[in-house]
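Number of protein chains: 2
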Amino acid sequence: MNSKEQRMAEGILYTDQYQLTMAQLYYRMGLHERVAQFDHFFRSYPDYGEHKAGYCVNAGLEWLFDWIDQAHFRKDDIESLRIQRDSAGNQIFADDFLEWLHNEASFNRLSIQAIPEGRVVHPNVPLTVVHGPLAIAQILETSLLNHLNYQTLIATKASRIHNAGRGNLLLEFGLRRAPETGANAGGARAALIGGADFTSNVGISHVLGFPAKGTHAHSMVQVFIALGGSELDAFQAYADVYPDDCLLLVDTVNTLESGIPNAIKVFEVLRRKGHKPVGIRLDSGDLAYLSIHAAKMLNDAGFPDTSIVLSNQLDELVIWQILAQIEHEAPRYGVDPDELANRLIYGVGTNLITSSGDPALDGVYKLVAVQQNNNWVPAIKVSENPIKIPNPGHKHVWRVYDERGIATADLLSMEDENFQEHDEIILHHPYEHQSFRVLNKETISEIEPLLVDIMIDGEILYDWPTIDEMREARKNDLERLDTGVKRIINPHIYHVSLSEKLWNLKQKLLMNL
Amino acid sequence: MNSKEQRMAEGILYTDQYQLTMAQLYYRMGLHERVAQFDHFFRSYPDYGEHKAGYCVNAGLEWLFDWIDQAHFRKDDIESLRIQRDSAGNQIFADDFLEWLHNEASFNRLSIQAIPEGRVVHPNVPLTVVHGPLAIAQILETSLLNHLNYQTLIATKASRIHNAGRGNLLLEFGLRRAPETGANAGGARAALIGGADFTSNVGISHVLGFPAKGTHAHSMVQVFIALGGSELDAFQAYADVYPDDCLLLVDTVNTLESGIPNAIKVFEVLRRKGHKPVGIRLDSGDLAYLSIHAAKMLNDAGFPDTSIVLSNQLDELVIWQILAQIEHEAPRYGVDPDELANRLIYGVGTNLITSSGDPALDGVYKLVAVQQNNNWVPAIKVSENPIKIPNPGHKHVWRVYDERGIATADLLSMEDENFQEHDEIILHHPYEHQSFRVLNKETISEIEPLLVDIMIDGEILYDWPTIDEMREARKNDLERLDTGVKRIINPHIYHVSLSEKLWNLKQKLLMNL
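Here the protein sequences come in this chain order: E and L. If you count the first sequence from 1, you need to add 43 to reach our numbering. If you count the second sequence from 1, you need to add 43 to reach our numbering.
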């Protein structure tokens, strides 16, 4: 694509065709300016097969708004729609509708609330709430889902991997396996929000204000060997050029017999010159076994503070297994397992950037209410699957914390409900009739509203947090999340509940349909 | 990101940090201008868990070259590198190296061969071969892999889904679950190359010259119901606005009791007015069962030519199972299973655009040779896993067709080998010593070289094929591929072999290391 084509592909026509055919239908029926509300939420946590998430980390919002800010129906976009033809050869989009698109269909006419990036979030809770003219809010759907689904998916995976690695340094290495240009930038950003400390991606690191991380590949050692030199020559050259950032990849020839001994030789030279070697990277073989032996060799040589970077198809389960194996095996070789665990750094590529095991978040954007005579009329889709029945109407989202300060449920309520007035709160299961909980006021330490105003009538009212602030939000939320919910395998299910009033409304709508 | 940030993130710094640290090391050692060759290949077919690919469809090349054409070290890029600091606070990239990057490190200095897009390709076969100054070829790695891995992955998945659907119309619907902006455009393009007929993505359809496809969502029906109308009102409104493109989504309320009967009422009105209704879409429930009953109802109402579009979490296995169920069950209801199968259209979203089951292709870019004194010196990485040992040196790639005209093997040979001169060809297994085949000349109908020159010293020598031409290439290759290799589950393994001379070289290098 040239840059003109890229503007066409990534501008306001970065949407599905049916958003535009529906918009024209609304226009034709006089419904296009009718005020409507759409909720964005996901239906289930990522399920990676052998394991499953118990929470997600919200991400993608600021970049969605960067897109919203730039996306408008340019003359080129309108003309590309004007030439579309139906089966009979007639213009699909009529001139009067295209005129309206060009002149009136601006995202500036929308108001949007959202849960901030970095917050821990759960299924069926509105994460983003869009108000505005029906046709305009409808057109936003595709791009909104595209921007938010992927970043939330990756931030969630990063958080899991970060937790599996006990909070040790986590590097995002996924660029070469990531799905094309825009994706990796967004994926790297989401990884940084969710749990990665740095990324190898140079451009996006600079844009986001982080140092990019990386040292060398096997090819560097191969070049020296092909030209008649040795692995040691390659390492020595690296140390000469980067004496204060010397981290050596030790598995090009043979990790234990060549790579680590050569690295130690080079580290000794560095030490004599007053530099502090950084460490080694292991990228193949049994990473648990090799890291134990690497640690022993580095300790014996007087380098107990050097890092050991692990890479090669890592994910949260692999890291967890490596640490379990180290716990069990390291003492046999005279290596302290906790000391070893503390010096590990994880470089995670493919499995992080693709959310391997579940490469898509099932986020949806559903019409929940339309205004009629200044009242909100709830909209509902009846489906055979009760989980898929959206919660109707204009809602509030609350997080309820128990007496320990731990989040015990997310509660969806009607807009006019005030929980300060009640002595107890009834939490209904979203679709199982007999399942509800009653919470006494004494057992509740806090009821926190989760949605914040981002944009009112096109004006951004929100100060975008820095990525460090999003990370703080994530850490705070994870500290207030039950340990069982954070479990990597078979997590405890967090409660997302409906208020009595919302539950009754939903039943009434289902009865009447 | 604003547009300046986007240029930074998607330009030449769309790479991994270690490409630049290695480039500086080569510069410092005087090796940066040394001519080198890198091969791009993938190691294994996508493995989706319960099923596995037996071939891949090559894609992504033209967009890689669009990127190469635009990517250069701008002043902004150089300055962003100049401010990088090492652990001791010193500049990581020295001024002389940055000067060289800015003035000399241009992709115009590379020559690139590749297998064209749309061709069927196999593991360990060089798909892209890059020659040129070591440091410059090294810097290209990340972006090359990023552009080619993802599109090849998606083209492959599209081909499988297309084949499972017996070549019926296939629509790509994945934008909302795709990984961000650039990705979906590339994913949609790859899907169109690999087997999708159209995509719902409006912008990229226009850019690539295809009509975008889509009709309406559940929300349209919900709007009418919320405002006091009915599903029938919604369908009638749709038919009024799109009389020649009337395809109705029938599962918002109840597919068999409401959706299809209402669609038929509207189709009857259209017929009376002289229009031909297009069909219905089923998006939930048991799609096999519902499509049989939908077919029966449409047939009974005199609409046997209307299409039935299936969507909702489809992939190649689901489609295969639906068709098997139809084969078995349709006759019971007086529906001809083949007629029904022929009127089905598949709308595939998430599972296509993410290559669900295996969301990354393991494509790599490996140094295979370096020039010294005008000779190529092969480079090799010794790894514990024999599959991971790259094939050394400067090579040719041939496809060998048997007497039936069916591809029997891809053969890698040394550059100076000419198979016209031999009476027989020995095909060696790439790493198993005793496994080889001898082919007599009489059993070979054709030996086709697969690599073509794309760029020589920065000049593009290649006429980019249209997507239709790439589809032709794919269809031709699939016709000449053994049926067993195309099997969806447990495919027969296609042979990728080494010539006797290349096999001997590889053994010699491994011995000497």
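These aren't lab readings, by the way, just hints derived from the structure by calculation. This one's a predicted model, so the numbers in the text were calculated from it and none came from an experiment. Keep in mind that a hint or two might mislead.
In silico lysine-lysine, BS3-like type, Cα no more than 27 Å apart, as pairs [said to hold, decoys possible]:
#1 E:K47 with L:K47
#2 E:K95 with E:K518
#3 L:K544 with L:K518
#4 L:K339 with L:K308
#5 E:K484 with E:K544
#6 E:K431 with E:K529
#7 L:K316 with E:K47
#8 L:K484 with L:K544
#9 E:K316 with E:K339
#10 E:K95 with L:K118
#11 L:K431 with L:K529
#12 E:K118 with L:K47
Not everything, but these chain E residues come out facing chain L in the computed CB check (under 8 Å) [said to hold, decoys possible]:
#13 T58
#14 L218
#15 P254
#16 H261
#17 D287
#18 T486
#19 I490
Note that the Cβ used here is the ideal one computed from N, Cα and C, for glycine as well.
Against the structure, the hints come out as follows:
Our distance criterion of 27 Å between C-alpha atoms is met by K47 (chain E) and K47 (chain L), whose separation comes to about 16 Å. Proximity of K95 (chain E) to K518 (chain E) is assessed by CA-CA distance (about 20 Å); at most 27 Å being required, the pair is judged to hold. Between K544 (chain L) and K518 (chain L) the alpha-carbon distance is near 33 Å, which puts this suggested pair outside the 27 Å criterion. Using a Cα cut-off of 27 Å, the hinted pair K339 (chain L) and K308 (chain L) holds, with the two alpha carbons roughly 15 Å apart.
Restraint check: the Cα-Cα separation between K484 (chain E) and K544 (chain E) comes to about 18 Å, which is no more than 27 Å; the hinted pair holds. As the CA atoms of K431 (chain E) and K529 (chain E) are separated by approximately 25 Å, the hinted pair is consistent with the 27 Å bound. Distance hint between K316 (chain L) and K47 (chain E) is unfulfilled; the C-alpha atoms sit about 42 Å from each other, more than 27 Å. A distance of roughly 18 Å separates the Cα atoms of K484 (chain L) and K544 (chain L); the hinted pair therefore holds under the 27 Å criterion.
Restraint check: the Cα-Cα separation between K316 (chain E) and K339 (chain E) comes to about 24 Å, which is no more than 27 Å; the hinted pair holds. Under the criterion of a C-alpha separation no larger than 27 Å, the hint pairing K95 (chain E) with K118 (chain L) is inconsistent with the structure, at around 46 Å. A hinted pair counts as satisfied when its Cα atoms are at most 27 Å apart, and K431 (chain L) with K529 (chain L) qualifies at roughly 25 Å. Note on K118 (chain E) and K47 (chain L): the hinted pairing holds, with a Cα-Cα distance of about 23 Å set against a maximum of 27 Å.
About 6 Å separates the beta-carbon of T58 (chain E) from the nearest beta-carbon of chain L, less than 8 Å, and the hint is met. Look at L218 (chain E): its Cβ gets to within about 5 Å of chain L, closer than 8 Å, so that hint holds up. Hint on P254 (chain E) holds. Least Cβ distance to chain L is approximately 7 Å, under the 8 Å limit. Annotation: interface hint on H261 (chain E) holds; nearest CB of chain L at approximately 5 Å, less than 8 Å.
About 4 Å separates the beta-carbon of D287 (chain E) from the nearest beta-carbon of chain L, less than 8 Å, and the hint is met. Because the beta carbon of T486 (chain E) sits about 38 Å from the nearest beta carbon in chain L, more than 8 Å, this interface hint is broken. For I490 (chain E), the shortest C-beta to C-beta distance to chain L is roughly 30 Å, which exceeds 8 Å, and the interface hint is violated.
Hints 3, 7, 10, 18 and 19 from the earlier list are contradicted by this structure; the remaining hints agree with it.
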